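Asker: Each chain, written out:
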Amino acid sequence: MGNRTPLYDAHLAADAKIVDFGGWDMPIHYGSQIKEHNLVREDAGMFDVSHMTVVDVTGPQARDYLRYLIANDVDKLTVDGKALYSGMLNEQGGVIDDLIVYRMDPGYRVVVNCATREKDLAWMGKVAEKFDMTLTEQPQLAMIAVQGPNAIAKTMTVLNPAQQAVAKGLAVFQGLPCGEWFIGRTGYTGEDGFEIMLPAGEAVAVWDALRAAGIEPAGLGARDTLRLEAGMNLYGNDMDETISPWEAGMGWTIALNPAERDFIGRKALEAQKAAGVARKFVGLVLETRGVMRGHQAVSLDGVNADGEITSGTFSPTLQLSIAMARVPANVGDTVYVDMRGKYVAARVVKMPFVRNGQKVYQ
Amino acid sequence: MSNIPANLQYVASHEWIRNEGDGTVTVGITEFAQDQLGDVVFVELPEVGATVSAGDSVAVVESVKAASDIYAPVSGEIVAINEALVDAPEGVNADPFGAAWFFKIKLSNAAELDGLLSADAYAAECE
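Top line first, the protein sequences correspond to chains A and B.
Read left to right, the first sequence gives residues 24 to 385 (this note's numbering).
Read left to right, the second sequence gives residues 508 to 634 (this note's numbering).
By construction, these hints were calculated from the structure, which means they are not laboratory data.
Just so it is clear, the structure is predicted and the values come from calculations on it, not from any experiment.
Certain hints may be false.
In silico contact screen, one side only, chain A against chain B (beta carbon under 7 angstroms); selected entries [said to hold, decoys possible]:
id, residue
1, Tyr53
2, Ser55
3, Gln56
4, Met127
5, Lys296
6, Val308
Note that beta-carbon positions come from the ideal geometry of N, C-alpha and C, so glycine has one too.
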């Protein structure tokens, strides 16, 4: 038996198919992954993401610590509530994990992946030794992500007036506390919505209230196809400790300015950039039948395998297969994917594939 | 345990076989197989007229999760395919033992039917 979130029994009651996910017993779907995917694109769906790891960073040097710990710069968070996506890198510039930081008063709230929890906490703790600050994990928090074009309106109906006031004031990619709750206008689907952190003891009542408000549960299967359509990386698939953010489509999260800010991995990233980054992270679209899958080989000339699919799936929104791939930097408009022993042409596109329910690549 | 009709025969690779009594059999995939696959998004069928041997990979099912080969459970000639599955692959999830049959084989060796699994034997395979 794996770890269970406070919503485990609620998942069983909703006929969830449970699978192991990073040591947690989580719902992969509640009947049909595609229906749940479409629900999020067209209306609203909700995910139990209580397995995610929440760590608060407080103390006099919380800011200095985060500016050294991660590749993006928390000084971009000019007001409380603003959030930032970043990689946490090792000295070689490899990605230990990707995370979100929200600026809070006091300090910051960091959300990291569940499968990497132990190594993340160990690394964060080791780096923290040099700073006057405190790391506080918040394992008592459950987290529910409500996503979709109707997610905000439907969620508002179950919030109390104080929570509504906080929720209403949030711009996209902002999050603020409200009592023991924390409401973020963030997500992993390419749709608008909230990620709500709340005390575990309240999770079932809120989940039930959200269902009563017309929001159906969606599983990790739909979460994966939604994030792929949205062009969002999955740690462990699309990047890991051996992969530089330059080669994982995360260049936009590397804040090299100001030049005087030192952060872990900076020297390696600068050296890579100066030498020329050999590989590029691209989106692929298969305009013929079939489904691209992670680990399939990719070839620029249809003869030699020189790249790899990192994530691939069938896109329910686009009704064709899409993928993320790492390929030589001189890639053109077409690559060839080794699908079951046969090279099949796929088109190279700029991600994301889908935003707010619509196809966006050219 | 998922539904396993007693009037069909099975193979361990999760195809079902219905003896039509006229020298042909109809083949599909089981409820258990579609449940394991999840939402089916593409089906690739064999050519009518193709000669197949028991155990040959003759069709492909792609779900959101994975691609799976479908095997000929007996030897013979493909005499019909269910083209409706090409346009409506989700039928495999909805009605695997009925409308979503895959293909029909004209048996070249009827004795092969004796080697197939009964419903009970297949149920044991799924455990």
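Asker: Taking the numbered hints from earlier one at a time, note which ones the structure violates and give those numbers from smallest to largest.
Answerer: 1, 4, 5, 6
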